[in-house]
Each structure stands twice: as C-alpha cells, then as structure tokens.
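**Student:** Sequence:
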Amino acid sequence: MNNKSIFAVVAGFATLMLTGISFYEVLLKSYFSKLMESMGDCYLKEPPILPFIVAHLCFAIILLLILRKNNVSTFMQGIQSSWIIVVLIMIWYEAWAFTYIPQMTVSIALIDVLVNGTCSLLAAGVMGWVLGQYKN
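The sequence shown begins at 61 in our numbering and counts up by one.
Quick caveat, the hints were computed from the structure, so don't treat them as lab data. Just so you know, not all the hints are guaranteed correct.
With a cut-off of at most 27 Å between alpha-carbon atoms, the simulated BS3-like pairs for lysine-lysine come out as follows [what the hints assert, rightly or not]: (1) K89 / K195; (2) K89 / K129; (3) K64 / K195.
Taking CB as the label site, the calculated pair distances span [said to hold, decoys possible]: (4) T159 / A74: 14 to 24 Å; (5) T159 / I66: 31 to 41 Å; (6) L170 / I145: 31 to 41 Å; (7) S167 / I144: 38 to 48 Å; (8) P162 / N130: 15 to 25 Å; (9) I161 / Y194: 25 to 35 Å.
Don't be surprised by glycine CBs; every beta carbon is placed ideally from N, CA and C.
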C-alpha cells in the first residue's frame, strides 16, 4: 500500500466511524435503543470498540479495492463506482440478520440498509476525493 492508499483508508475509516456515531448514537438513538431493549440479553449494552475498529478498517479496505480498480479520483466517482456493491453487502447482512435475530422486521432491515448504505457511500465518496488529491 502506498501513502495515497493509506490516507484513503484512514479517511474512509474516519468517515465510517463518524457517520455511524452520528446516525446510530445521535439521530436514531431512541429508535435503535428500543430495538436493542427488545432483544434482551442477546445484545451487549456496551459493545467493545475493537470489533467496530476492525470492521470499519476492513470495510474501508474493501472500498479502497473497488475505488482503485475503477481509478476513482472524485467524491461522486467514489459513490458511483461502489453503490451497487455497498447496497448488495448491506442487503446480504440484513438477510443474514433474519436468520439469527428473532426480533428482526422488514422495516428495521430497510432502515439499517439505508443508514449503513449512506454511511458507506459517504465513506466511498470521501475516499474517492482523497485518492484524487494525489498525483500518480
């Protein structure tokens, strides 16, 4: 990995963390708190931060692979080149959630796909912009 890729991954990671906190811990906190309460002991009240870090780093690297393959260098190119894969990954995850979360509903899945998809596409856009700041 070169410096351009490292900066793009860091930017994507930071965007994923910040947008995730903004949506899940601020804007939609009450909605998701009620959902988590209905799951009882199935979910941790205070989840550990290390899995979040690992997950966001891995997803930023996946996005980097997509963006580099498509020679992305702008915010909009980042979104355009990754939206189909991002939406498919989000739907894939939510479909699996129906297999192990009895409280899962279609409305919860739709909201989660929209929120996670938005966070991921913003990260892809920021990463695309960062990649465009470096000359080859």
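**Student:** Please write out, lowest number first, the hints stated earlier that are contradicted by the structure.
**Tutor:** 1, 2, 4, 6, 7, 8 and 9
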